[in-house]
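A.B. asks: The listed protein sequences correspond, in order, to chains R and A.
Take the first sequence: its letters are residues 16 to 253, numbered as in my numbering.
Take the second sequence: its letters are residues 16 to 253, numbered as in my numbering.
The hints are simulated quantities; they were obtained by calculation from the structure and are not laboratory data.
These numbers were taken from a predicted model, which means no experiment stands behind them.
Beta carbons are placed, not taken as given, at the ideal position from N, Cα and C, and that holds for glycine.
Check each hint, because a few of them may be wrong.
Coverage of chain R stretches by chain A, computed from C-beta distances (three or more under 8 Å per stretch; other residues unrestricted) [to be verified]:
| no. | region |
| --- | --- |
| 1 | 38-44 |
| 2 | 200-210 |
| 3 | 222-235 |
Protein chains: 2
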Amino acid sequence: MSNGKLYLIPCTLGETATDHVLPAGNKEIIFNLRIFFIEEIRSARRFLKKIGYPTPFEEVQFIELNEHSKLPFEARYELLEPLRKGVSAGILSEAGCPGVADPGSDLVSTAHECGLGVVPLVGPSSILLALMASGMNGQSFVFHGYLPKDQGDRRRKLQEIERDSLKKNQTQIFIETPYRNQHLVDDLLSCCNDETRVCIASNLTTADEHVFTKTVSAWKEQKPKVGKVPTVYLMHRP
Amino acid sequence: MSNGKLYLIPCTLGETATDHVLPAGNKEIIFNLRIFFIEEIRSARRFLKKIGYPTPFEEVQFIELNEHSKLPFEARYELLEPLRKGVSAGILSEAGCPGVADPGSDLVSTAHECGLGVVPLVGPSSILLALMASGMNGQSFVFHGYLPKDQGDRRRKLQEIERDSLKKNQTQIFIETPYRNQHLVDDLLSCCNDETRVCIASNLTTADEHVFTKTVSAWKEQKPKVGKVPTVYLMHRP
Numbered sequence: 016m017s018n019g020k021l022y023l024i025p026c027t028l029g030e031t032a033t034d035h036v037l038p039a040g041n042k043e044i045i046f047n048l049r050i051f052f053i054e055e056i057r058s059a060r061r062f063l064k065k066i067g068y069p070t071p072f073e074e075v076q077f078i079e080l081n082e083h084s085k086l087p088f089e090a091r092y093e094l095l096e097p098l099r100k101g102v103s104a105g106i107l108s109e110a111g112c113p114g115v116a117d118p119g120s121d122l123v124s125t126a127h128e129c130g131l132g133v134v135p136l137v138g139p140s141s142i143l144l145a146l147m148a149s150g151m152n153g154q155s156f157v158f159h160g161y162l163p164k165d166q167g168d169r170r171r172k173l174q175e176i177e178r179d180s181l182k183k184n185q186t187q188i189f190i191e192t193p194y195r196n197q198h199l200v201d202d203l204l205s206c207c208n209d210e211t212r213v214c215i216a217s218n219l220t221t222a223d224e225h226v227f228t229k230t231v232s233a234w235k236e237q238k239p240k241v242g243k244v245p246t247v248y249l250m251h252r253p
Numbered sequence: 016m017s018n019g020k021l022y023l024i025p026c027t028l029g030e031t032a033t034d035h036v037l038p039a040g041n042k043e044i045i046f047n048l049r050i051f052f053i054e055e056i057r058s059a060r061r062f063l064k065k066i067g068y069p070t071p072f073e074e075v076q077f078i079e080l081n082e083h084s085k086l087p088f089e090a091r092y093e094l095l096e097p098l099r100k101g102v103s104a105g106i107l108s109e110a111g112c113p114g115v116a117d118p119g120s121d122l123v124s125t126a127h128e129c130g131l132g133v134v135p136l137v138g139p140s141s142i143l144l145a146l147m148a149s150g151m152n153g154q155s156f157v158f159h160g161y162l163p164k165d166q167g168d169r170r171r172k173l174q175e176i177e178r179d180s181l182k183k184n185q186t187q188i189f190i191e192t193p194y195r196n197q198h199l200v201d202d203l204l205s206c207c208n209d210e211t212r213v214c215i216a217s218n219l220t221t222a223d224e225h226v227f228t229k230t231v232s233a234w235k236e237q238k239p240k241v242g243k244v245p246t247v248y249l250m251h252r253p
């Protein structure tokens with residue numbers, strides 16, 4: 016008997032038709048699964064309903080990852096028991112791709128340690144889409160996740176990564192919690208050099224998608240108003 | 016009259032059914048385009064045929080990017096003339112996503128400078144899929160592109176990024192031209208610490224997909240044989 020596989024299942028970013036951002040092939044795979052590692056039960060069920068998942072939810076096992084991802088190795092090993100018995104399972108992202116600025120990587124890591132097969136499915140990643148659309152260097156880039164919350168630390172970090180982008184010709188990518196977007200933008204424009212290029216990519220793949228790359232000096236002339244919406248930031252000092 | 020848009024169109028990675036890796040929605044967009052910025056005419060036509068593109072190729076304009084991406088701003092501005100007149104166009108990748116370890120970003124950058132809209136479409140990126148499947152830190156990662164060709168330089172670089180992965184808790188991602196895969200693997204195993212985790216992700220999204228993450232010491236016991244196939248490498252020293 017062969018082992019089950021762990022499928023990594025991306026989800027839409029916000030209110031988007033699934034066939035706009037997910038390959039049809041993903042459905043066939045998802046429809047065959049009965050065990051899902053998830054972030055939040057309600058949104059997981061909503062997603063499965065949206066794609067027409069046929070099995071009644073009473074027959075499906077949903078295991079919350081937020082909790083379990085902090086478990087020690089033994090407990091994660093336990094969670095993967097069905098896979099060792101030949102049953103496949105999926106990690107379902109809340110938005111975007113599992114394991115990329117999202118929980119899931121601990122369980123994937125455990126799957127590798129158990130010698131289980133891991134299969135990543137294609138879907139939208141706001142980080143990757145933002146990089147494509149920024150026009151910045153895609154041969155060399157770094158993703159920092161969230162910058163420090165403290166303003167002094169955040170401004171120092173912005174200056175540090177601006178220097179790195181110049182020194183290494185490397186695109187700097189970072190995110191912010193939506194309600195702090197405007198603070199980050201203000202810091203970006205007040206800390207960074209006028210010739211530094213900044214891309215602000217909001218609401219990717221939705222009807223309100225906006226992606227603009229401008230120099231800091233051009234942004235200063237036309238102040239960006241970033242609402243409380245999911246946004247990816249990219250920076251490059253030429 | 017509004018401007019045309021520049022669509023960034025991902026392509027399959029190798030021999031994969033398009034509906035396995037591309038959302039159905041991409042087709043509708045592509046079918047409406049008559050101008051494509053491409054890397055190589057033959058593979059562009061092959062891709063368009065594969066997805067059932069309906070317009071005869073005599074009525075389609077293919078503009079090679081390899082050449083034109085090195086053009087000065089004025090020439091790139093010229094290439095975008097149709098968009099300023101209201102006609103949309105696409106950048107078609109050879110494999111994966113335009114602008115990510117692939118040409119295209121210069122033209123996207125010019126589009127931003129002209130105030131044109133840029134729309135990234137969803138598709139397979141071997142870098143992103145490898146990161147998801149590696150089980151390594153997806154909150155903080157860096158992509159280096161190709162490492163140095165010279166063996167001494169390459170080994171120094173591997174040690175440098177291994178130190179970075181420890182210091183910053185940052186996943187290090189890099190690629191190699193297929194025929195040099197085995198040299199890179201040999202260097203990885205001989206330069207890096209035994210506890211460093213290395214992921215080797217080959218032939219992603221194809222029938223021959225292989226993704227394995229192991230410590231250097233585990234890889235030494237079971238020497239990886241990486242063929243001359245597209246491969247992404249990831250490293251993390253815990």
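A.B. asks: Are there at least three residues in the region 38-44 of chain R whose beta carbon sits under 8 Å from a beta carbon of chain A?
C.D. replies: Coverage by chain A holds here, the residue count being 3 at a Cβ distance below 8 Å.
A.B. asks: Establish whether the coverage given for the region 200-210 of chain R by chain A is satisfied; the threshold is a Cβ-Cβ distance below 8 Å, and no fewer than three residues must meet it.
C.D. replies: Violated, because only 0 residues of the region 200-210 of chain R bring their Cβ atoms closer than 8 Å to Cβ atoms of chain A.
A.B. asks: Between the region 222-235 of chain R and chain A, are there enough contacts, at least three residues with CB-CB distance under 8 Å, for the coverage claim to hold?
C.D. replies: n = 5 at 8 Å, threshold three: holds.
In the structure shown, a violation is registered for the earlier hint numbered 2 alone.
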